[in-house]
Every structure is written in C-alpha cells, then in structure tokens.
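Asks: From first to last, the protein sequence lines stand for chains A and B.
Just so it is clear: in the first sequence, position 380 is 380 by the working numbering, and no numbers are missing.
Just so it is clear: in the second sequence, position 92 is 92 by the working numbering, and no numbers are missing.
Just so you know, the hints here were simulated from the structure itself, not pulled from any lab data.
Heads up, some of the hints might be wrong.
Copies of the same chain look alike in the list, so a pair counts if it fits in one copy or across any two.
Said to hold, decoys possible - No more than 25 Å apart at the CA atoms, straight line, and that leaves these computed lysine-lysine pairs for DSS-like:
1. Lys122 to Lys225
2. Lys388 to Lys225
3. Lys96 to Lys180
4. Lys388 to Lys122
5. Lys494 to Lys121
6. Lys319 to Lys390
7. Lys119 to Lys225
8. Lys494 to Lys112
9. Lys164 to Lys225
10. Lys194 to Lys122
Here is what each chain is made of, one letter per residue.
Number of protein chains: 2
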Amino acid sequence: MTNSEKLQELFERLDEIEAYSRCLGKVQFDMECCAPEEGIEQAGADMSILGKYLYTLTHAERFEQLVTELHADGEGLTPVQKKAVEHLYDGYARVKNISAELSFEMDTVANKAYGDWLKAKKASDFSLFRDSLAALIDYNRKAIDLRDEKKASYYDTCLNDLEKGGSMEQLDAFFAALRKRIVPLLRRIQTEGKPIREDFMTRPVPIPQQEAMSRYLLELEGLRKSALVLMTTEHPFTDNFGPHDVRVTTHYHEDSFISNVFTTLHEGGHALFMQNEPAELHENHGANNMSNAMHETISRFYENLVGRSEEFISYVAPKIRELAGGTFDDISDRELYEAVNVARPSLIRTEADELSYCLHIMVRYELEKAFMNGEITVDEIPALWNAKYKEYLGIEVPDDARGCLQDVHWCGYAFGYFPSYALGNAYGVQILRRMQRDFDVFGAIREGELSLIRDWLIEHVFSIASLSTPDEWIRSITGESLNVNYYLDYLEEKFSRIYELK
Amino acid sequence: MTNSEKLQELFERLDEIEAYSRCLGKVQFDMECCAPEEGIEQAGADMSILGKYLYTLTHAERFEQLVTELHADGEGLTPVQKKAVEHLYDGYARVKNISAELSFEMDTVANKAYGDWLKAKKASDFSLFRDSLAALIDYNRKAIDLRDEKKASYYDTCLNDLEKGGSMEQLDAFFAALRKRIVPLLRRIQTEGKPIREDFMTRPVPIPQQEAMSRYLLELEGLRKSALVLMTTEHPFTDNFGPHDVRVTTHYHEDSFISNVFTTLHEGGHALFMQNEPAELHENHGANNMSNAMHETISRFYENLVGRSEEFISYVAPKIRELAGGTFDDISDRELYEAVNVARPSLIRTEADELSYCLHIMVRYELEKAFMNGEITVDEIPALWNAKYKEYLGIEVPDDARGCLQDVHWCGYAFGYFPSYALGNAYGVQILRRMQRDFDVFGAIREGELSLIRDWLIEHVFSIASLSTPDEWIRSITGESLNVNYYLDYLEEKFSRIYELK
C-alpha cells in the first residue's frame, strides 16, 4: 500500500470522525443555546450513546496503524499533510493507553463534576464540588501515568499538551516578569491615579439594540456573515463547525451595554481565526490545530488592543450613541475611552480590566501547579485562593462563588488552560508591534478599516498557526521568541497616560 | 430466551436508534433554525454519514429477528408493549426488502429534489422540478413493489401507510361529501354574503411584540414552558425530541401579526400532543405512533375550532390590542372575529381560510391519486392542477409557484399526506361535539380556561392515539366512526351566521 493510499484511507476515516464530532458538537450547542430545561438530561444521554461509537472510530486499530505508519514514514506527503499526521499522532499518543472503560469513567466524572460545580457555585459552598474536583485531578493524573512519554511533572504534561514546548520553567519566569511590573503599576494607580468617571457605564439599553450593536461589531471585525451565527447563551463562547459555520454567542444584560461590546469583540476574534485558516489546511484535516494561547491572542487582540484603544472608541462612539437612543449623548469619546479602561482589582476574572487580568491568571496558575503536582490537597484550595487574591490583587474574597468556584474550566479537565489567556495577551502586543511596521494600525482603526488588520492576520498569523509550535509561530511572525516586555511596556505606557501617573 | 429478555434487548437497541434519530433531528433542526447559509452543505453531508450507521442499526438482522419473534408471540407483553412491537413490525415490513443501496439512492433523490424544488419555485418553472418529481414517484412505486403485502393500488398503499385502514374508497366518499356542501356554500358567500371589513389585518406590529404574543398563546394553550422552545424559521413546523423537549417554530412578518396568531395556535396544538402522551408509552417505545390525521386534528382544533371562535377572539382581543400598542384600538371584537373568518377562494393552501381549505386538499388528493396510479404523467400535473383550482375554487392559477409548486411535501415522498389535514378538520369537529357533552367548551374558552380542553384531550384523545388505528381512535372517543356531517354542519352554521346568509 502506498503512502498516498494510506493517506486516502486515513482521510476517509477522518471524514467520518469529524462528521460525528460536528454532529455531537451541534447537539452540545443546542443544549447551550436552544434546548428547554427539561430536555438537557436526554440530550446528555444521547451524546453519550453517540460518543461511544465515536470512541470506537478514534480508537480503531486500523486508525492507529495508519497514523503511526504515516508518522514514521511521511515520504511523499506535503508539508501540510505531514503536520496534520504529526498532530494526530501527538493526540493519539496521549490517549492510546486509555481503555474504553477509563475513558467512559472520565467522561462520567466530568459530567457529574459540571452538575456539582453548578450547585456548589449557586450555594457558594466548595464542599459540594470538592469530591468531584478531587476525582478530576485524580483521573487526570491517572491518564498521564498511562502515557509512554514522561514529562518532569504532571503539570508540565498539562502545559505541554496545551502549548507544545510549554513548561513550568517557562511560565514561572513569564509570570514572575508580569508580577514584577504589573503589581506595582496597579498599586501606583490606586494611590496616585486620577479619578475616572464611570457612573454612566451601567445605563440601561434595550436588548434588541444591544444585539444590533453586536452584529455591527462582528461585521466591522470583517467576519463573513454567510458563515456566521450570533446567538445568546448563559456563558459566552464561540463554536466552530468548519470555516463555513462559525457561531458567536453572547449574553445581554440591559445594564451592561458597553461591557457587551468587549465580549462581542473577543468572541468575534475567535470567529475570525476559525473562518480564515487556509483552505489547504481544511482539505488535509490539518486545520484547528493552533494552540489555545494562539486563539486567545486573537480574541484578546480585538477585545483590548483594538477594542479598548482610543482610536476604536472614537470610531464606534457615534454608533453606541445612536443605538443607545440618546442614553450616552452627554458622554465624550474621551470619557468613554477612560471608563472602559478603569483598572481596579476585582474578584471575577471575566470582568477584570486589561491591567489586572493577568493577576487573576497567576493565582490560578500557582494553584494548578500545586494541586496537580500533589503539593497541596484539594481541601486547601479555597484558603490558598483567597490568600493569593489578597497578596496579588489586594482584595478580600468574600465567598467561594466569587472565589475558587467562579470558573468552569476544571470541570472539563482543562488544567493548564488558564495560562493561555495570559500568554495570549503577551503574544498579542508582540504581534501588534510587528504589524505596526507594515502599516499604521491605529490610523486604520480610527477610520474603521479593520479589514486591514484581518488581512494582515490571515497572511502572517492564521496561515501558519496550525502548522507551528507556539515558539515557531511567534518567531516566524515577529522574528523573536515570546518577549514579555512588549506587553509590559504597552501596559505601563497606556495606563500611565490614562491615569496621568508622573 | 424469554420474551421479557427479548424485549429488554429490543429496547436497548431502540434506545440507541432513538438517540441517533434525535441527534440527527437536532442537526436538521439546527439547519432550519440556526445554521448560516454556508454551513448547510456540510450539515447535509454529515447527516448522510450518521444516517448510514443509523441504517445499519435499523436493518440489523438481530433487530429484525427480535421484532418478528415478539410480533408472532407476544406472550407476557403488556398491551402497550404489544402495540409498540406491532408498530415496529408494520414499519419494518414496509422497508425490510429495501436494500442499503436503494435506500441511499432514495435519500439522494429526495435531497436533490428539495434543491430542485426550491429553484423551480423561485423561478416559477415546473420543468426544473419535473425530473426530480418523476424520480420520486418512480422510487416510491419501486419501494412499494418490493413489499410482501399488496394493496389494491400504489396510492392505496400510501394512504394506508399514513392512516391505517385508509383507502381511496374511503377518501373518495369523504371528499365527495365535502365537495357537495362546501362548494355551493362558498359560492353563496361570494354572491349573497355581507361584506366583511378586513383592511386592518395587515397593520404592522413590531416583531418582538409578535414574539411576545406567540409566547402568550403557547402558555394559554397549556404547554409546559420547561419543555418548550419557540424559535423562528422560514416555514413553520413543530419538532419533537421527546415529551421533555418540544419545539415550536414560526415566522414573523410585520404586516401579518394576526395571521401569526393562528400559525402559533396550530403549531402549539402539535406541541401539546407531543408533550402529553402517557409516560407508559414513552417508557415502552410506543409513543409518537399516532397518525398524521390525528396530529392535524389537534393542531387544526386549536387553530380553527378554538382560535377562530368568537369566544376566543373576545378573550385574546385585549391582549392583541395591548401588544400592538394602540394599532387595533379602533377595531371591535366582532370586527376582528369576522375578519379572521373571511372565506374567499385563494391560491395558497397554507393561507386558506377555514372554509375553502379542504378544497385545496381535494385538488392535491385527486392529483396524487392520478399520478401515483399511473393515470397521468408528471408533465400533466401543472395543467390539471390549474384546471381543478378553476373547477373547485373558481380561480385562475397565474403561475406554477402559486400552483403545483407551492408545497414541499412531495420532495420527501410524502405522497398521501395532504388528506391528513382534511381528515383532521373533520375528526376535530366530531371530537368537539363529544367534548361539549362533558363541559361548556366555549364557555371555558370565553374565560381563557384552555387547560380544561387540554386536560380533556389528554384523557380522551392523547392517551390512546398511539395505540389505535384512526377508526378505533375516533370510535373510542366519540362512539362512532368518522362522520363528516359534524364538520359540514359546523361550517354551514358558522359561515351562514358570519355572512348572514338567508
């Protein structure tokens, strides 16, 4: 059998696997955006049934054989095909020793954990989530123990899974650099910063107007409308059923009109990435292999570097005033710009300002490191969480709901995911600086010409993401490895100016 | 192996089959209500892939064996279980000789037909749909030829599939009776009827207000909100993912506020049926086995017998005026009642009034009979359609889009479906008369006490539908077989009063 025939057979199997994944994904999407309350349980049970067949497809001996053989000998494959096979091989190596039983148990634990977490968060009672979290950590470590290839620690394995080449060594240095400059900057703002007016931020705007704003922003970002859906959900996310079907979801609150602008820009950034990988990647089952940090780079690029810039606010302010029907007519562009950039330590990560955001991540990083590597027990999490919020952000955590229960990530074994957001922030500024050498980015933003940014990202960033490790990627785009100073310089410059620090 | 063990095994297989069907159904629902334009093609391809596996489940030898054996010997099964097995056996007998290839070809023809029909309707050019329709008829006849059991004709087979015991003999008599009294009544209205004011019917009302009206009506009908979804789509329908997840869809037009009231009531009627079959039927895979006419009985009961009654209009008129924000303040309840009952021959079935509706069905019935049984060729359909509209409704059909291309049903092999609507109309009035012996139905409607109707239907109608043939069903409810005179008397009385015929 030639390599070309093997690849053909592998691709046919992938067509089937991906069809199942998309259908399951749509049932999940339906659960989150459409299904009625009583229908959730049945949907979960149905997904388990289809999931079992999907498991047999992804764990078929022949599938393993094709991936392994093509990985060992890629003669005749194009570079894109080689990368696609490599990615499959990596993914396969992680799960190949996990039995069907263990896989099913892991899913069951995760499903139960989600329900427990919801209850625990509602009751603000960590003890209701404690056992599930312990089981999640335990199963995750079990699954790592089964791997052929070993890393220095459990948490190193998690980090490397999500960002190839990532490690505690790299992230310890990264967060130390952030801490060193962000913590004092935030303290200076609190003591020396000028007061910023923000009373108008919660003025109510009707939901249909907010939805019109979201549609306007997604179009402004340069998304293809014919391949885009906008829906509402409890927790905003972006979903991907191939480049022809990308779904942005958001949540509207009457008194959070302005805040929804940034949620939409963030999710729209994810959607832009999903719509715009090269066709060759999709045709060769090699798309969507970028790391989470790469994805968060783009979402936070649009949310913060574009969205919270003075140029962008000036461009969209008239639209905001128009859709709000007079509600913001007495607010100047500059007042709006300053208000969306208020930097103040707070309890909730997703509502954090651009400056203190990374400190929220740092707390989670240090906790994950400790409990994944067995340095602390599950029971120690709440107190340690609260102590770190006090230390880095200077605030008291009043309860677990606004403390260690606030995020859903751990329910899905997403240990090591949080650092992606912080890395994304730093990659973003480094990429912005490179982009500025090619054209006047903020001049374009001031004119609403966001298609220039999209097109630059398509050419330099989206085109190679699924083919690269994070380090290869950032070096290819900017000529150097991740350099956190671009980001820290940016923060210092921006916030010193806003708060008129001497 | 005992029957109880066999049943257990059969039910496990049905759990899997139904899980696949529901997931596929949700992907289909997603296509119609959520997916972006570019995503439709991929969704269709994904459904074909899952459909192939579903085919292997429903055509597994062991599945056939279990159904056949339990059908031949149902010792120890409960009556509900016996009926469930009987229904499975009937369904299986229809398709068991259809090969996987033929089944796939039939699906391919139907998928192509849908696209061709859309194009043909848009261009108002029957020739674009002609070949597909010919193939649909041809494949449908081929599939019927493969059955072990033969009926008198192809169309008799179609009718019996959809309404057990149904035949051309029964329906010829049924439609002859309708024609005899409806055609002259409609003529009298046109010549002698008093003029009815209806200029206000197209006054625009904003979509969010219309959506609020739909939600109000669904709640009024007595639907469980926690098991209900309301969404928008191009062509309204109701979808069913079990009694805990029922989906009503409708389409809003600013100038069709009043007309949407009846669409919602109709779809809500379907939803009530879906939410309220007995738990024992669901637990034994015996639900949803009612005939289409039974389903249309309920939807048209709420749309017409309830919705277009003077008592209902009086009850909802204040809500209509409130939501329309003054738009209908100058219209009296009586004017509104008369306007929603204007009887006038028209071109489009779905927009037809209560009186002329059955004539639209009659045209389709006579055409289906002729082409299914080979009495006319596909090419003769448009001219014959137009001639029958002239004969029964007295109107000229200006083009095929508003003629024989208006309905989607034939694209899905739904030959013989249309009579269900007419039968439903007639069953409905017969059931209403029986219901009136138990309580003051229109008194309850006048007070908005629609839960009395729902509860009566749950007890007398929904409880036995999936366990009965249509004739057993109507006899069990009313004590006699279908008697079209209740319906015709109702029409004559209602419309003579509205139009003040002497």
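Asks: Please go over all the hints and tell whether each is borne out by the structure.
Replies: Against the structure, the hints come out as follows:
1. Lys122 to Lys225: Between copies only: 23 Å across chains, 37 Å inside a chain, cut-off 25 Å.
2. Lys388 to Lys225: neither (43 Å within a copy, 44 Å between copies)
3. Lys96 to Lys180: The answer is neither: 42 Å in one copy and 73 Å across copies each exceed 25 Å.
4. Lys388 to Lys122: The answer is within: 23 Å in one copy meets 25 Å, while 64 Å across copies does not.
5. Lys494 to Lys121: neither (35 Å within a copy, 59 Å between copies)
6. Lys319 to Lys390: The answer is neither: 40 Å in one copy and 55 Å across copies each exceed 25 Å.
7. Lys119 to Lys225: For Lys119 and Lys225, the Cα distance is within 25 Å only across copies (22 Å; inside one copy 38 Å).
8. Lys494 to Lys112: For Lys494 and Lys112, the Cα distance exceeds 25 Å both inside one copy (44 Å) and across copies (58 Å).
9. Lys164 to Lys225: Neither way: Lys164 and Lys225 sit 33 Å apart in one copy and 47 Å across, limit 25 Å.
10. Lys194 to Lys122: neither (37 Å within a copy, 63 Å between copies)
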